[in-house]
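Asker: Please work from the sequences and hints to get the whole structure.
Respectively, the protein sequence lines represent chains A and B. Per the numbering used here, the very first residue in the first sequence carries number 1; after that it's consecutive. Per the numbering used here, the very first residue in the second sequence carries number 124; after that it's consecutive.
Hints were generated in silico from the structure; no laboratory data involved. Among the clues, some could well be false.
Unchecked claim - Within a straight-line C-alpha distance of at most 20 Å, the following computed SDA-like cross-link-like pairs (lysine to any residue) qualify:
#1 A/Lys14 / B/Ser312
#2 A/Lys28 / B/Glu276
#3 B/Lys327 / A/Asn43
#4 B/Lys494 / B/Gly294
#5 A/Lys28 / B/Asn272
#6 A/Lys14 / B/Pro227
#7 A/Lys51 / B/Gly294
#8 A/Lys14 / B/Pro433
Claimed, not checked - Facing chain A, according to a computed beta carbon distance under 7 Å, are these residues of chain B, among others:
#9 Ser198
#10 Ile262
#11 Ala275
#12 His279
#13 Glu280
#14 Val283
#15 Asn288
#16 Tyr291
#17 Phe295
#18 Val462
Built from N, CA and C at the ideal position, the CB exists for glycine as well.
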Amino acid sequence: MRLLTHNMLSSNIKGVMNGFPLRLEVEKSVSKEVEFNSDFLRNMFPKIEWKALVDAARSMGYAELPEEAPESSMLESEEFLMKFHHALLELHLEEGALICPETGRRFPVNKGIPNMLLHEDEV
Amino acid sequence: MIINVARVESFLNRSLEFITSSTGIVCRFGNQRAFCTMTDSQVDGASSLPPLNEEFRFKKPITVSREKKSSSVQSTPDIEKKYVHHVYDAIAPHFSSTRFAKWPKVATFLNSLPPGSLILDAGCGNGKYLGLNPDCFFIGCDISAPLINICAEREHEVMVADAVNLPYRTGFGDAAISIAVLHHLSTESRRKKAIADLVRVVRKGGMVLITVWAVEQEDRSLLTKWTPLTQKYTEEWIGPGSPRVRSSSTLTLESIPETEENSVRDQLRNSKRLSEDTMRGTINDDSSVAPRNGKNLENQQEYFVPWHLPYHRAEVSGASACALANGLAEKDDKKGAVVYNRYYHVFIEGELERLVSGIDNIVIVDQFYDKSNWCIILKKT
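Answerer: Here's what the structure looks like:
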């Protein structure tokens, strides 16, 4: 699971008011090279909840992203884009879990695949 | 009765001879644990699948009980668990090997999206469309873990999730697709909820493509291979003598006022006969039912559609042993395959449009019929 995906995921358990962001429990993470595409990154940037990305990247051991949400002018900086690219697309959570911020419920991640299915009593 | 792994392996080697049991069977296959209960399937009569017989023009209708356990639209009904989820889990590799042709209309839609788009595929199956547009990024989800595993092996970004309850933030995607998915949802409210979620997860200005199987199949002979289902909603079933029968499609109801009473009698007769029969029901020899079946088939939208899983594939899967034991699948020695039934609610002309008519933040960009599918393209406003 990439952090781009993580930035989209939200716990939809019945009764949860705000299930985003899910906290990461990292057992195994890897980095896989992905072709750099600045247009794609610029398109993604407005969608991203910056703090969630920074925190998630840090939990995966990557602390290079600026804490503060960058100004859009930063999108012209290749140096920034490369860090954004690495965090968003190249870091993978292979084994671990995603934790609902309100209920603590663990959504397991195995072989990079999150299982977001709810149990009968959670719908 | 517990069947341990050694016994399972030995009976798989004996060409899928199986032992029926009147109690629950726990089958362990490697790391997976497939729990099958006989009692569930016997209660609702769905285990009494008629034997396949090519001589008969129409399949004998099956009555499937739709007892609702939870009031939540997001709770998966039993018919979908048995005749969609378990089936796809069991047939995943074989199914995937038959799903390679990229449907041109879907490809056109995907290739028309701006480069750099984030595309969400809800019910992605084996991931056939993931990555189809190389300038876009795809995130897929499916309720079937085996199918998602196949996607992941192909390096796609995927997860196991329910299309009726997408665990996504609102407005994140640039586009969403739902290709041959909604016809596996067994109630109108679930189908509407899935569509609402597709719209919710795309941004303002985002596009949604939905395709579903049509009642109006180009190859009409296909319908004779399908088993029509008569529905019985325990809450909504109205007894004999009442002129109105509620079905899941209100279109059906309004279009046949004259013959409704006949339909009620047929359904009653069918369900009574089915409950009297044991596992292998007698073939329908009631000639007064068959021709009326032909007429009713015009409005029939609920079906079991068979999937033939070749024996050598079934042994690899392992889940077929459970399915056979439970009566959820049958052996067809002539074809050398385990036959599964998949639940479908096929769509009638105008039904997709009707379903989206209640959504106020979309416009219909296009709708069309293509190769036995109804399709609609929406834009979120």
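Asker: Give a verdict on every hint.
Answerer: Status of each hint after checking the structure:
1. A/Lys14 / B/Ser312: 18 Å, holds
2. A/Lys28 / B/Glu276: 18 Å, holds
3. B/Lys327 / A/Asn43: Holds, at about 14 Å.
4. B/Lys494 / B/Gly294: Not OK: B/Lys494 and B/Gly294 at ~31 Å, beyond 20 Å, violated.
5. A/Lys28 / B/Asn272: 18 Å, holds
6. A/Lys14 / B/Pro227: Not OK: A/Lys14 and B/Pro227 at ~39 Å, beyond 20 Å, violated.
7. A/Lys51 / B/Gly294: Measuring from Cα to Cα gives roughly 18 Å; hence the hint holds.
8. A/Lys14 / B/Pro433: 41 Å, violated
9. Ser198: At 5 Å from the nearest chain A Cβ, B/Ser198 passes the 7 Å test, so the hint holds.
10. Ile262: Where the cut-off is 7 Å and the nearest Cβ of chain A is about 6 Å from B/Ile262, the hint holds.
11. Ala275: Holds - the Cβ of B/Ala275 comes within 7 Å of chain A, reaching about 5 Å at its closest.
12. His279: 10 Å, violated
13. Glu280: 6 Å, holds
14. Val283: OK, holds: B/Val283 within 7 Å of chain A, min 4 Å.
15. Asn288: Check passed: Cβ of B/Asn288 comes within 6 Å of chain A, closer than 7 Å.
16. Tyr291: Result: holds, 5 Å to nearest chain A Cβ.
17. Phe295: This interface hint holds because 5 Å falls under the 7 Å limit.
18. Val462: At about 27 Å, which exceeds the 7 Å cut-off, the nearest Cβ of chain A leaves the hint on B/Val462 violated.
Violated hints, listed in ascending order, are 4, 6, 8, 12, 18; each of the other numbered hints is respected by the structure.
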